[in-house]
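S.K.: Sequence:
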Amino acid sequence: MIFAQFCNLPSDGAIVVAREQSQGQGRGNNQWTSPLGCALFNIDFDIDLKSLLGQRLSLLQLLASVAVLQAIERTPEYKILNAQIKWPNDIFIGNDFTKLGGILATSSINGNYASISLGIGVNIFNSQPSICLNDVIDQHKSTSNLAHFTIEEFIGRTVGYFQKWVSQLSQSNISQATIAINNFYQFYESHWMHQNKEVFVDKWQEKVIIVGIDEYGFLKVRKLSDNKIVTLHTDVHSFDVRESIIREKAM
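The numbering of the sequence shown is numbering that gives the first Met the number 0, which starts it at 0 and goes up by one.
Fair warning: there could be bad hints in the mix.
[Said to hold, decoys possible] Here are the computed lysine to aspartate or glutamate pairs in the EDC-like style, where the Cα-Cα straight-line distance is at most 20 Å:
#1 Lys227 / Glu242
#2 Lys85 / Glu188
#3 Lys206 / Glu151
#4 Lys85 / Asp225
#5 Lys163 / Glu151
#6 Lys85 / Glu72
#7 Lys163 / Glu72
[Claimed, not checked] Ranges between beta-carbon positions, derived for each pair:
#8 Thr177 / Gln20: 33 to 41 Å
#9 Ile108 / Asp137: 39 to 47 Å
#10 Asn41 / Lys248: 18 to 26 Å
#11 Ser143 / Thr97: 31 to 39 Å
#12 Asn182 / Lys98: 25 to 33 Å
#13 Ile173 / Asp225: 33 to 41 Å
Just so you know, the hints here were simulated from the structure itself, not pulled from any lab data. Every residue gets a Cβ at the ideal spot worked out from N, C-alpha and C, and that includes glycine.
Use the sequences and the hints to build the structure in full.
M.R.: Okay, here's the thing in structure tokens:
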């Protein structure tokens with residue numbers, strides 16, 4: 000499947016799909032082990048650094064999170080599954096907010112282009128060790144008639160939505176790209192778990208209110224001590240949603 004043709008880039012790019020993995024990589028030193036039943040795929044492509052998206056590469060894993068949510072929400076009826084985004088790169092689902100999948104983006108600079116490697120893993124029909132998408136669908140059988148997902152359909156839908164976002168945000172028409180990126184910000188914040196939530200920031204030893212993301216996808220919080228808006232960067236912070244704590248990563 001050719002991906003980069005949608006971005007007007009010199010290389011074709013590639014999409015690689017795995018049936019299972021034993022040494023997958025997560026953020027930091029985390030490992031991601033996935034048995035059969037998961038949608039596991041990697042998208043490799045280039046982005047022009049002069050484009051709007053090329054100047055905001057930190058948005059890539061957030062864009063992929065949105066594409067996954069759009070894939071899950073086949074029709075409005077699928078909103079009952081309560082799939083939401085955990086900042087910056089995880090997908091949670093269900094009323095008890097169990098992790099369903101995650102995204103990892105890496106990049107390297109090559110002249111005027113950034114070479115992107117984007118890994119996505121989502122549990123579609125493996126009930127162990129936690130939860131899968133089709134099991135959550137089954138939980139609503141008594142009140143809805145939602146169809147199960149196949150891995151192939153899910154990957155196709157996710158890649159399609161992601162291609163659309165990348166194409167819109169990489170176009171040369173800056174005004175149209177700006178409209179698209181504002182639509183993205185609105186969708187992301189309407190589908191995440193955190194809006195106006197109170198959390199504890201470990202390094203400050205104080206509570207803050209989450210108010211949104213900035214133009215690069217970093218977390219914006221309001222400090223309760225002085226009402227100042229402060230930005231927390233993705234690469235140096237981890238978010239424990241169970242404990243409502245944001246910690247600095249060990250470097």
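S.K.: Given the proposed pairing of Lys85 with Asp225, does the C-alpha separation stay at or below 20 Å?
M.R.: 26 Å, violated
S.K.: Starting from Lys85, check that the Cα of Glu72 is at most 20 Å away, please.
M.R.: 17 Å, holds
S.K.: Between Ile108 and Asp137, is the Cβ distance one that fits in 39 to 47 Å?
M.R.: 45 Å, holds
S.K.: Next pair to validate is Lys163 with Glu72; report whether the Cα-Cα distance is within 20 Å.
M.R.: At roughly 16 Å apart (the allowed maximum being 20 Å), Glu72 and Lys163 satisfy the hint.
S.K.: I want to verify a distance hint. Is the separation of the beta carbons of Ile173 and Asp225 within 33 to 41 Å?
M.R.: 36 Å, holds
S.K.: Given the range 31 to 39 Å, decide if the beta-carbon distance of Ser143 to Thr97 lies inside it.
M.R.: Violated, since Ser143 and Thr97 (Cβ atoms, about 19 Å apart) do not stay within the stated range.
S.K.: Within a Cα-Cα threshold of 20 Å, do Lys206 and Glu151 meet the stated pairing?
M.R.: 43 Å, violated
S.K.: State, for the Cβ atoms of Asn41 and Lys248, whether the hinted interval 18 to 26 Å holds or is violated.
M.R.: 24 Å, holds
S.K.: Do the beta carbons of Thr177 and Gln20 sit within 33 to 41 Å of each other?
M.R.: Given a distance of about 38 Å, which is inside 33 to 41 Å, the answer is holds.
S.K.: Run the distance test for Lys163 versus Glu151: straight-line Cα separation, threshold 20 Å.
M.R.: Within the cut-off at roughly 18 Å; holds.
S.K.: If you check the beta carbons of Asn182 and Lys98, does the distance land in 25 to 33 Å?
M.R.: Between Asn182 and Lys98, where Cβ atoms are some 26 Å apart, the hint holds.
S.K.: Does Glu188 lie within 20 Å of Lys85 when you go C-alpha to C-alpha?
M.R.: 10 Å, holds
Hints 1, 3, 4, 11 from the list above are not met by this structure, while the remaining hints are.
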